[in-house]
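These protein sequences, in sequence, are chains A and B. So the first sequence is residues 473 to 584, counted in the numbering used here. So the second sequence is residues -2 to 110, counted in the numbering used here.
Quick caveat, the hints were computed from the structure, so don't treat them as lab data. Be a bit skeptical, because a hint or two may be false.
Said to hold, decoys possible - Listed below are several chain A residues computed to face chain B (Cβ distance under 8 angstroms; list not exhaustive):
id : residue
1  : Leu515
2  : Phe538
3  : Pro539
4  : Gly576
Claimed, not checked - With a straight-line cut-off of 27 angstroms between C-alpha atoms, the simulated BS3-like cross-links for lysine-lysine are:
id : chain 1 : residue 1 : chain 2 : residue 2
5  : B       : Lys105    : A       : Lys537
6  : B       : Lys102    : A       : Lys479
7  : B       : Lys39     : A       : Lys537
From the three backbone atoms N, C-alpha and C, an ideal C-beta is built for every residue, glycine too.
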Amino acid sequence: SAVISQKPSRDICQRGTSLTIQCQVDSQVTMMFWYRQQPGQSLTLIATANQGSEATYESGFVIDKFPISRPNLTFSTLTVSNMSPEDSSIYLCSVRTGVEAFFGQGTRLTVV
Amino acid sequence: KQEVTQIPAALSVPEGENLVLNCSFTDSAIYNLQWFRQDPGKGLTSLLLIQSSQREQTSGRLNASLDKSSGRSTLYIAASQPGDSATYLCAVGVKGGSEKLVFGKGTKLTVNP
């Protein structure tokens, strides 16, 4: 298993600003995943972050809007840039150990 | 494109009842299926993982089945308790380079004392 810590757990931000979400894992992992859960919707993968290389973004998500860092095998950040109310969501970090996926507690973002 | 559907969207049952949550997916080319629980304001807790070669997995009062050919999975909860109240999410592991999970929207379960 894996224990994942996310910070902050929630935030209320002004439109046009940026927020950086941190994800810390208690073990070294090759890939870290960032998901978004919009209100009433299912989780959607934003990007996959590998240590030492650029993140791979899913269709509909771009690096300028969601820049990701992966400085080592236990840590990653996701930035939500130039926020609008449509970015209000829960953002979740995830890792795999073996074939099983584990998630952090999420960051609940509200943009006003 | 893989799509995952969960039925029902919400379910309310009295304590002690056995219940079944359903999950269907459109593309049978999956490498696993995972059931999660999500409590309000919390992240996801992994409940059961079924590999594509397996038919079912059990953990305590939970039993999950997988029928890949028909694109279906069920989560059976025996003797439900108020503490089981949560949203249950089904996710399929998609074959390919990204190793991503495709999620359903979930079933919100309420178990009444």
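Hints, verified against the model:
1. For A:Leu515, the interface hint holds, since its Cβ comes within 8 angstroms of a Cβ in chain B; the closest pair sits about 4 angstroms apart.
2. For the restraint placing A:Phe538 at the interface with chain B, the shortest Cβ-Cβ distance is roughly 15 angstroms, beyond the 8 angstroms limit, so the hint is violated.
3. Restraint check, A:Pro539 versus chain B: the minimum CB separation of about 18 angstroms is more than 8 angstroms; hint violated.
4. The beta carbon of A:Gly576 comes within 5 angstroms of a beta carbon in chain B, closer than 8 angstroms, and the hint placing it at the interface holds.
5. For the given pair, B:Lys105 sits about 31 angstroms from A:Lys537 by alpha-carbon distance, which is inconsistent with the 27 angstroms threshold.
6. Taken as a hint, the B:Lys102 and A:Lys479 pair is honoured in the structure, with Cα atoms around 25 angstroms apart against an allowance of 27 angstroms.
7. At most 27 angstroms may separate the alpha-carbon atoms for a hinted pair to count; B:Lys39 and A:Lys537 meet this at roughly 25 angstroms.
Consistency with the previously given hints fails for numbers 2, 3, 5, ordered from lowest to highest.
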